[in-house]
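Those protein sequences? They're chains A and B, same order as listed. For reference, each letter of the first sequence is one residue, going 1 to 226 in this note's numbering. For reference, each letter of the second sequence is one residue, going 1 to 130 in this note's numbering.
Quick caveat, the hints were computed from the structure, so don't treat them as lab data. Possibly wrong hints are sitting among the right ones.
[Unchecked claim] DSSO-like cross-link-like pairs, simulated, lysine-lysine; straight-line CA separation at most 30 Å: (1) A:112 / A:191; (2) A:26 / A:116; (3) A:112 / B:16; (4) B:16 / A:114; (5) A:190 / B:16; (6) A:112 / A:197; (7) A:190 / A:116; (8) A:141 / A:191; (9) A:141 / A:190; (10) A:26 / A:114; (11) B:93 / A:116; (12) A:26 / A:197.
[Stated by the list, open to error] Here are the simulated distance ranges between beta carbons: (13) A:166 / B:54: 24 to 30 Å; (14) A:48 / B:105: 16 to 22 Å; (15) A:193 / B:87: 35 to 41 Å.
[Unchecked claim] Quick look at which bits of chain B chain A covers, simulated, 3 or more residues with Cβ under 8 Å: (16) 24 to 30; (17) 63 to 74; (18) 86 to 97.
Glycine included, every Cβ here is placed at the ideal spot set by N, Cα and C.
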Amino acid sequence: MSEATANEVGPHDGVTGLVDDWAADKQAYHVPWGKAMMWIFLVSDTFIFSCFLIGYLNVRITTTEPWPVQSEIFALSFGGDPIPLILIAIMTFILITSSGTMALAVNFGYRKDKAKTFWLICATAAFGASFVGMQMFEWSKLILDEGVRPWGNPFGAPQFGSVFFMVTGFHGLHVSAGVIYLLWVAFRVKKGYYDEKGFEIVEIAGLYWHFVDLVWVFIFAFFYLL
Amino acid sequence: MASAEGQQHPLGIYYKIWILLFVLSGFSYAVDYFNVQGAMRWTLVLTFMFLKAGFIVAIFMHAVWERMALVLTILGPPTVLLLFIGLMSIEGKYTEEARFAYMGHDRDAVALTPADLHGEEGGHGGEEEH
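All chains should be modelled from the sequences, with the hints used to inform the complete structure.
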């Protein structure tokens, strides 16, 4: 039996064959299954964000009403003249800082330095939470002070509001979910849950977090700068 | 490289990429701060964007150290999006031109800014009653 070769057994047909083909002793990805699945999730998420951004591209080109000047709308003054886009710049730097702390957390995770991993993930989550806080500030300023709505705004093309709330809202949702996910992983690291299983989970959570930062790179360029 | 030990690399490379990302973000912001416009703005913003995205995926997400089977799974499918982007921009330009040419939309309309609306030295003069 154990010597059975392919030409003796032959490929099955139908559902059995389907199961055989996909479940045979073949491995495409030589990484932990959780990591492969996270990557596949991230690729699918890439398509969702791309649909939003391509929708934005199309609306931005076709709209004949003038597009609001982002640089001035997102300006903020600290007592003096308004500084263009300053809040968005701070949010960008915060997200990059959090990406760095996450990368270090992954590294210390593999070194089995649980204390450093725990605190670095917590720092990452804290930066993420502050990002969401700033986004809430930005949203409330736009909604309450400037009167921007998903269906209109006083500056120009009404599509500006719908794209803004849709794209930044969906990204903010990802950041919020990431904060919860990171805290959950951090506490399990601390409790020693991964001592036996290994610390790949930190890298997997890290992939998600870097992806959130990655999406922001594109939003920052296309929505705020261009 | 992707063994049972996982992705284990010297810390130095993370610090270097981290600093690089800060610098590139600073450059992106400088493009807006110094009000660079036109083709130069697009070139600079897109260059910094792709560099940042590339370093995040390659180093922070460890793509350069992964096996080719996984890398192609990640980067292959999204490349078809370039075609999608191309199609939608061609279609968009056609729609826009049709609206200008046949529906009488104004080619020279100018957006208002918060300064116009909050009455700080009326720029375009459009005083509106709410």
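ask   = Is it true that the CA of residue 26 (chain A) sits at most 30 Å from the CA of residue 114 (chain A)?
value = violated (35 Å)
ask   = Are the Cα atoms of residue 112 (chain A) and residue 191 (chain A) separated by 30 Å or less?
value = Roughly 13 Å separates the two Cα atoms, so the pair holds.
ask   = Are there at least three residues in the region 63 to 74 of chain B whose beta carbon sits under 8 Å from a beta carbon of chain A?
value = It holds: at least three residues are needed, and the region 63 to 74 of chain B offers 6 whose Cβ sits within less than 8 Å of chain A.
key: Given hint residue 197 (chain A) paired with residue 26 (chain A) - CA-CA distance at most 30 Å   = Given that 30 Å is the threshold and the Cα spacing comes to 23 Å, the pair holds.
message = Holds or violated: the 35 to 41 Å window for the beta-carbon distance between residue 193 (chain A) and residue 87 (chain B)?
response = violated (48 Å)
message = Given the hinted pair residue 112 (chain A) and residue 16 (chain B), is their Cα-Cα distance within 30 Å?
response = Roughly 23 Å between the alpha carbons, so the hint for residue 112 (chain A) and residue 16 (chain B) holds.
request  = Would you mind confirming whether the straight-line C-alpha gap from residue 93 (chain B) to residue 116 (chain A) stays at or under 30 Å?
outcome  = violated (53 Å)
query = Would the pair residue 190 (chain A) and residue 116 (chain A) pass a check requiring their Cα atoms to be no farther apart than 30 Å?
reply = holds (10 Å)
inquiry  = Run the distance test for residue 190 (chain A) versus residue 16 (chain B): straight-line Cα separation, threshold 30 Å.
reply    = holds (28 Å)
Given coverage of the region 86 to 97 of chain B by chain A, tested with a Cβ cutoff of 8 Å and a minimum of 3 residues = As far as the region 86 to 97 of chain B goes, the hint holds, because 7 residues have Cβ atoms under 8 Å from chain A.
task = Please test the hint of 16 to 22 Å on the beta carbon pair from residue 48 (chain A) and residue 105 (chain B).
result = Taking Cβ atoms as reference, residue 48 (chain A) and residue 105 (chain B) lie about 31 Å apart, which means the hint is violated.
query = If you draw a straight line from the CA of residue 141 (chain A) to the CA of residue 191 (chain A), is it 30 Å or shorter?
reply = violated (41 Å)
The structure shown violates the earlier hints numbered 2, 8, 9, 10, 11, 14, 15.
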